[in-house]
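Just so you know, the protein sequences line up as chains L and X, in that order. The first sequence begins at 8 in the numbering used here and counts up one residue at a time. The second sequence begins at 48 in the numbering used here and counts up one residue at a time.
Hints were generated in silico from the structure; no laboratory data involved. Be a bit skeptical, because a hint or two may be false.
[Said to hold, decoys possible] Going by beta-carbon spacing under 8 Å, a handful of chain L positions derived as facing chain X:
no.: 1; residue: Arg95
no.: 2; residue: Thr98
no.: 3; residue: Arg101
no.: 4; residue: Arg106
no.: 5; residue: Phe126
no.: 6; residue: Cys130
no.: 7; residue: Arg152
no.: 8; residue: Gln158
no.: 9; residue: Arg159
no.: 10; residue: Ser160
no.: 11; residue: Ala167
no.: 12; residue: Glu170
no.: 13; residue: Gly172
[Unchecked claim] Just a sample of chain X residues kept apart from chain L, beta carbon distances all over 12 Å, derived:
no.: 14; residue: Tyr93
no.: 15; residue: Leu145
no.: 16; residue: Arg240
no.: 17; residue: Ala353
no.: 18; residue: Arg358
no.: 19; residue: Lys373
no.: 20; residue: Glu403
no.: 21; residue: Asn443
no.: 22; residue: Ala444
no.: 23; residue: Asn506
no.: 24; residue: Tyr553
no.: 25; residue: Arg576
no.: 26; residue: Thr580
no.: 27; residue: Ala587
[Said to hold, decoys possible] Here are the simulated SDA-like cross-link-like pairs (lysine to any residue), alpha carbons at most 20 Å apart as the crow flies:
no.: 28; chain 1: X; residue 1: Lys84; chain 2: L; residue 2: Phe91
no.: 29; chain 1: X; residue 1: Lys373; chain 2: X; residue 2: Ala357
no.: 30; chain 1: X; residue 1: Lys376; chain 2: X; residue 2: Ile186
no.: 31; chain 1: X; residue 1: Lys144; chain 2: X; residue 2: Tyr129
no.: 32; chain 1: X; residue 1: Lys320; chain 2: L; residue 2: Ala75
no.: 33; chain 1: X; residue 1: Lys320; chain 2: L; residue 2: Arg106
no.: 34; chain 1: X; residue 1: Lys320; chain 2: L; residue 2: Tyr109
no.: 35; chain 1: X; residue 1: Lys342; chain 2: X; residue 2: Val377
no.: 36; chain 1: X; residue 1: Lys56; chain 2: L; residue 2: His155
no.: 37; chain 1: X; residue 1: Lys237; chain 2: X; residue 2: Ala183
no.: 38; chain 1: X; residue 1: Lys214; chain 2: X; residue 2: Ala303
no.: 39; chain 1: X; residue 1: Lys56; chain 2: L; residue 2: Ala169
no.: 40; chain 1: X; residue 1: Lys56; chain 2: L; residue 2: Phe153
Ideal Cβ positions, reconstructed from N, Cα and C, are used throughout, including at glycine.
Listed below are the residues making up each chain.
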Amino acid sequence: MPTFIRLHDRVFSLAEDPFTAVGDEDTIPPGDVIISLTRFQAEGEGLLSEGHSVGVRLESHEDVEALAYDLPQIAVVALAFPKFGDGRAYTSARLLRERLGYKGEVRAVGDVLREQAGFMVRCGFDAFEPADGSTVEVWEAAAHRFRHAYQRSDDGRPAAYAERGE
Amino acid sequence: MYRYDAIDKEFLADRSAEFRGQVVRRLAGELNEEQFKPLRLRNGLYLQLHAYMLRIAIPYGAVNPTQLRKLAWISRTYDKGYGHFTTRTNLQLHWIKLADAPDILEHLAQVDMHALQTSGNCIRNVSADPYAGATAEEIDDPRVWAEAIRQWSSLHPEFSWLPRKFKIAVTASPKDRTAAKTHDIGLHLKRARDGSLGFEVMVGGGLGRMPYIAPTVRQFLPAPRLLSYLEAILRVYNRHGRRDNIHKARIKVLVAALGRDEFASQVEAEWEKSGTASDLPDTELARIRGAFAPKVFETLPTVSEALEAARAKTPAFARFARNNLKPHKVAGYTIVEVSLKAIGATPGDASAEQMEVVADLAERYGQDDIRVTHEQNLVLPHVKLDDAPAVWAALNAAGLATPNMNLVSDIIACPGLDYCALANARAISVAQNIAQKFADPDLAEKVGELKVKISGCINACGHHHVGHIGILGVDKKGEEFYQLTLGGSGAEDAAVGTALGPALPYNRVAEAVDTLVETYLRERHDGERFLDTFRRTGVAPFKEAVYADVH
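Extracted from the complex, chain L is given alone in its bound form (with noise of 0.2 Å):
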């Protein structure tokens, strides 16, 4: 079974992974499937029906708001980076913690590079599927880079300002 970075009670761990990706052109298979929003607007209710579990993979132009209304049923939403430089997942993982309430796995999968890991983390992100052959230890180091952060962010942890009025 392939595998993914988890990030659960601020561990990173190896995890199985059991979701399949599963193509707009491809048959479903048994089990857990992650499809596209095209393929989820015309089959997820059936799907679900059927006892999959579903996760949905958005490409970086699609709008986070078009699952408002799914998220408590999907298991999964995985945001797409097709180059690492694309940033509009950082702001779709942000939007479905913070104005949407989703409390599932927000996965990163595409050109999904260390460099990164620390951003996305700050966002949200909570599951990673690195392109860069990162292992657990290399990702986690990579994360946890900063000691510190300007900003207030998705982790839990302090932001620059918080920790200086402690």
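Put chain X on the given structure of chain L with help from the hints.
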């Protein structure tokens, strides 16, 4: 001046360690150049024509003597003994070895400096009025807000991978010395009728291939809400800015495509939804404000006898005083403009020795304060009038007292084809030729305020669009040609210049500027600057004069 605390210092140390690791991976071949490029750019490291260039951040242009001496030492130790101050108030070193870069960043971190986000598609070094804390014109000290923006924009979790670079300027005076309206966001501090502090927010200015003057999207933003409002702007941009075409990716294209009103309403809607969570607590604003508490000034007479005596005795000092000493908010003090535009020199360049002279003067006479201006000069913002003659003498001995502030030889020029891989044409030597034409300081003073800005390519790093006379280098079948524009301004009366006519070959540019100036002197009414005359007469008389021999 803001002093780094333990948190700021540890942040820089971590950044420095991260970059060292990335350089090791690059040198070991674990990262290829394509992967390494965006990483090194975020640390200010460019690959140029001859070598790596390191762009060191000078946040809002403020630097202290210890820092300036360190910059001098670095330029002497790792470069060729000089550096280039840029229009973003950064310092560029043009001859750096990749393997030295991590050591340089570590040396910088020792004096609370860095090269963070001086390049890349992120929020760049924030700029502010170089007269902050010294001019009587200002409503509030813009450095307080610029420092808040510096911290907020450093490795912002959501806005570090934008469609394109993003520049913010803060000004607080009616006279705009930051070119705020040519920025992605220009912030102009204002007071409401009830006395409360706020910002006029201008968004979507920019130069480059498509010049825009930023429209105002909000007349008055309550100051404490600054960061949440900036986040709303950045969020709309991060989501909707174009990423398919690098030349259409700046926020100015989004603002122009949506129209100011639609863009503003999207920002307002986003801002309402996000609430106040991102605003800085008042305690933190107060802490930052404390770092910029007014200096202790002596009670001095308005007129300095020492200065008046020197003015009477030394004509060269009198000329310097007329052009380079600016009014200070406190009686008996002055703002000293240090010219990095000596006739025949490279605009914005300073040798290590010159940096040390300025550092010494700031320590001895200038309350340890030095500023870099976007017009590529330095400023000693707090000098006693009594000390001005001594400061002038030391500057003069170091070649830093050219009395040409805002005059025709105070030229902005990009590095151009002499250094830059993007350039089509030389910019520095064009600037030198023009300065030589007006080397006679009497003539230059007679001409008065005239802003010449030169870019070696369409990317417009020399801000040619907003020059009173703008000069753009283009390549025509392998030869350098120059397009002239007139009537631009980057100040409070911002405008994009109008094309004069067909491009001119290299050897005709300085002569053409001379002709333009003669035309202005002939046409001007009393008290008119070049810009005013041009705006009154239009391009016709200038065009006729420059192209007369072609007809």
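Do the hints match the structure? See the list:
Against a cut-off of 8 Å between C-beta atoms, the interface hint on Arg95 (chain L) holds, since the closest Cβ of chain X lies about 6 Å away. Proximity of Thr98 (chain L) to chain X holds as hinted, the smallest CB-CB distance being about 5 Å (cut-off 8 Å). For the restraint placing Arg101 (chain L) at the interface with chain X, the shortest Cβ-Cβ distance is roughly 6 Å, inside the 8 Å limit, so the hint holds. Contact between Arg106 (chain L) and chain X, as hinted, is supported at the beta carbon level, the nearest pair being about 7 Å apart and thus within 8 Å.
Checking Phe126 (chain L) against chain X: minimum C-beta separation of about 5 Å stays under 8 Å; hint holds. For Cys130 (chain L), the interface hint holds, the least distance from its beta-carbon to any beta-carbon of chain X being 5 Å, beneath 8 Å. Using the Cβ-Cβ criterion of 8 Å, the hint placing Arg152 (chain L) at the interface with chain X is satisfied: the shortest such distance is roughly 5 Å. Of the supplied interface hints, the one on Gln158 (chain L) holds, with its beta-carbon coming within about 6 Å of a beta-carbon of chain X, less than 8 Å.
At a threshold of 8 Å, the smallest CB-CB gap from Arg159 (chain L) to chain X is about 6 Å, leaving the interface hint in force. Because the beta carbon of Ser160 (chain L) sits about 5 Å from the nearest beta carbon in chain X, less than 8 Å, this interface hint is met. For Ala167 (chain L), the suggested interface contact is upheld, since its CB lies about 5 Å from the closest CB of chain X, less than 8 Å. Residue-level restraint check for Glu170 (chain L) holds (minimum Cβ-Cβ distance to chain X is 6 Å; threshold 8 Å).
With a cut of 8 Å, the hint placing Gly172 (chain L) at the interface with chain X holds, because the nearest CB-to-CB distance is about 6 Å. The non-interface label for Tyr93 (chain X) is consistent with chain L: the shortest C-beta to C-beta separation is roughly 16 Å, beyond 12 Å. The claim that Leu145 (chain X) lies off the interface holds: its Cβ sits roughly 18 Å from the closest Cβ of chain L, which is beyond the 12 Å cut-off. For Arg240 (chain X), the requirement that its beta carbon stay farther than 12 Å from each beta carbon of chain L is met, with the minimum near 31 Å.
Listed as a non-interface residue, Ala353 (chain X) keeps its Cβ farther than 12 Å from every Cβ of chain L; the least gap is roughly 44 Å. With a least CB separation of 48 Å from chain L, Arg358 (chain X) remains clear of the 12 Å interface cut-off, as annotated. Look at Lys373 (chain X): its CB is around 34 Å from the nearest CB on chain L, clear of 12 Å, so calling it non-interface holds up. No Cβ of chain L approaches the Cβ of Glu403 (chain X) within 12 Å, the least distance being about 33 Å, so the stated non-interface status holds.
For Asn443 (chain X), the condition that its CB be more than 12 Å from all CB atoms of chain L holds, with the nearest at approximately 43 Å. Every CB of chain L is more than 12 Å from the CB of Ala444 (chain X) (nearest about 43 Å), matching its label as outside the interface. No Cβ of chain L comes within 12 Å of the Cβ of Asn506 (chain X); the nearest lies about 19 Å off, and the non-interface call holds. For Tyr553 (chain X), the requirement that its beta carbon stay farther than 12 Å from each beta carbon of chain L is met, with the minimum near 37 Å.
Non-interface call for Arg576 (chain X) relative to chain L: holds, since the shortest CB-CB distance, roughly 42 Å, exceeds 12 Å. No Cβ of chain L approaches the Cβ of Thr580 (chain X) within 12 Å, the least distance being about 47 Å, so the stated non-interface status holds. Distance check for Ala587 (chain X) against chain L: the nearest CB is about 47 Å away, which clears 12 Å, and the non-interface claim stands. Restraint check: the Cα-Cα separation between Lys84 (chain X) and Phe91 (chain L) comes to about 12 Å, which is no more than 20 Å; the hinted pair holds.
Distance check on the hinted pair: Lys373 (chain X) and Ala357 (chain X) sit about 17 Å apart at the alpha-carbon level, within 20 Å; holds. Straight-line distance between C-alpha atoms of Lys376 (chain X) and Ile186 (chain X) comes to about 12 Å, which keeps the hinted pair within the 20 Å bound. Proximity of Lys144 (chain X) to Tyr129 (chain X) is assessed by CA-CA distance (about 15 Å); at most 20 Å being required, the pair is judged to hold. At most 20 Å may separate the alpha-carbon atoms for a hinted pair to count; Lys320 (chain X) and Ala75 (chain L) meet this at roughly 15 Å.
The hinted pair formed by Lys320 (chain X) and Arg106 (chain L) meets the criterion: a straight-line CA distance of about 8 Å does not exceed 20 Å. At roughly 16 Å between alpha-carbon atoms, Lys320 (chain X) and Tyr109 (chain L) fall within 20 Å of each other, so this suggested pair holds. Distance check on the hinted pair: Lys342 (chain X) and Val377 (chain X) sit about 11 Å apart at the alpha-carbon level, within 20 Å; holds. Taking the CA atoms of Lys56 (chain X) and His155 (chain L), the gap is near 10 Å; set against the 20 Å cutoff, the hint holds.
Taking the CA atoms of Lys237 (chain X) and Ala183 (chain X), the gap is near 14 Å; set against the 20 Å cutoff, the hint holds. For a cut-off of 20 Å, the pair hint linking Lys214 (chain X) to Ala303 (chain X) stands: about 17 Å separates their Cα positions. For a cut-off of 20 Å, the pair hint linking Lys56 (chain X) to Ala169 (chain L) stands: about 16 Å separates their Cα positions. Straight-line distance between C-alpha atoms of Lys56 (chain X) and Phe153 (chain L) comes to about 11 Å, which keeps the hinted pair within the 20 Å bound.
Hint compliance for this structure: no hint is broken.
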